[in-house]
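Build the full structure now, drawing on both the sequences and the hints.
So the protein lines, in turn, are chains A and B.
Numbering (our numbering) for the first sequence: 858 to 969.
Numbering (our numbering) for the second sequence: 69 to 179.
Since the hints were made in silico from the structure, they are not lab data.
This one's a predicted model, so the numbers in the text were calculated from it and none came from an experiment.
Any given hint could turn out to be false.
Claimed, not checked - Computed beta-carbon distance windows for the label pairs:
hint	chain 1	residue 1	chain 2	residue 2	range
1	A	GLY935	B	GLU86	47 to 53 Å
2	A	LYS968	B	GLU109	22 to 28 Å
3	A	GLY935	B	ILE122	17 to 23 Å
4	A	ARG964	B	GLN148	31 to 37 Å
5	A	GLN902	B	ILE122	22 to 28 Å
6	A	PRO897	B	GLY141	30 to 36 Å
7	A	THR862	B	SER134	28 to 34 Å
8	B	LYS130	A	THR869	36 to 42 Å
9	A	THR885	B	LYS119	24 to 30 Å
Claimed, not checked - Covered stretches of chain B (in silico footprint by chain A; criterion: 3 or more residues with CB under 8 Å from a CB of chain A, positions within the stretch not fixed):
hint	stretch
10	109-118
11	160-173
Note that CB positions come from ideal geometry on N, CA and C, so glycine has one too.
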Amino acid sequence: GNSVTQMEGPVTLSEEAFLTINCTYTATGYPSLFWYVQYPGEGLQLLLKATKADDKGSNKGFEATYRKETTSFHLEKGSVQVSDSAVYFCALIRYNNNDMRFGAGTRLTVKP
Amino acid sequence: NAGVMQNPRHLVRRRGQEARLRCSPMKGHSHVYWYRQLPEEGLKFMVYLQKENIIDESGMPKERFSAEFPKEGPSILRIQQVVRGDSAAYFCASSPGTEQFFGPGTRLTVL
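Here is the structure:
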């Protein structure tokens, strides 16, 4: 079946450090891939997405590239800020299928 | 276009009472999903509904939990005879058929 595996957290970084959160997936066909962010006490917000192989999603300095050959969608940011502290969820949805699968989430804490 | 609305935002119930959680999807969205998030854990899928139909309830506990999405009005997640283990954040999401848009959640506390 379809599933997503994220690197386990928590991840603690200093401000301006480089961030990578790994995400790999298992799916039949060609899923669309997403990163969601959840700030404390809030719901999930869509951060970025990619709908086909080699697409790069980007938003707010975050990037992720859809790699079909490695079935990965790793989230990266070159210089994190304290305000990026949140839980990040990788997710997939198969084309024309409303079944969205989420990873377990990775908690990021950025210290000043 | 207002986002996904959930109410109440916080709900406190005593053991044995009923909890009703409401979700109004974004305008034009006919797909609704309910998730549960336990403290310090990820999202767990519960149920997927379209108008008047339950499409997938594989994540819903077999007893005490039910969900509906009537032709008119919000989707309702109902938990009967709540227990302490039901304390969690319950998130609703709606979709036009692609990515999901999340509401702010209802935080249920069972005393």
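Taking the hints in turn, this is what the structure says about them:
1. A:GLY935 to B:GLU86: 47 to 53 Å: Distance hint for A:GLY935, B:GLU86 holds at roughly 50 Å.
2. A:LYS968 to B:GLU109: 22 to 28 Å: holds, 24 Å
3. A:GLY935 to B:ILE122: 17 to 23 Å: Between A:GLY935 and B:ILE122, where Cβ atoms are some 44 Å apart, the hint is violated.
4. A:ARG964 to B:GLN148: 31 to 37 Å: holds, 33 Å
5. A:GLN902 to B:ILE122: 22 to 28 Å: With a Cβ separation near 27 Å, A:GLN902 and B:ILE122 satisfy 22 to 28 Å, so the hint holds.
6. A:PRO897 to B:GLY141: 30 to 36 Å: holds, 31 Å
7. A:THR862 to B:SER134: 28 to 34 Å: With a Cβ separation near 31 Å, A:THR862 and B:SER134 satisfy 28 to 34 Å, so the hint holds.
8. B:LYS130 to A:THR869: 36 to 42 Å: holds, 40 Å
9. A:THR885 to B:LYS119: 24 to 30 Å: Roughly 28 Å apart at Cβ, these two residues keep to the hinted range, so it holds.
10. 109-118: Since three or more residues must qualify, the claim that chain A covers the stretch 109-118 of chain B holds, with 5 doing so at under 8 Å.
11. 160-173: holds (count 11)
Checked against the numbered hints above, the structure breaks only hint 3 and satisfies the rest.
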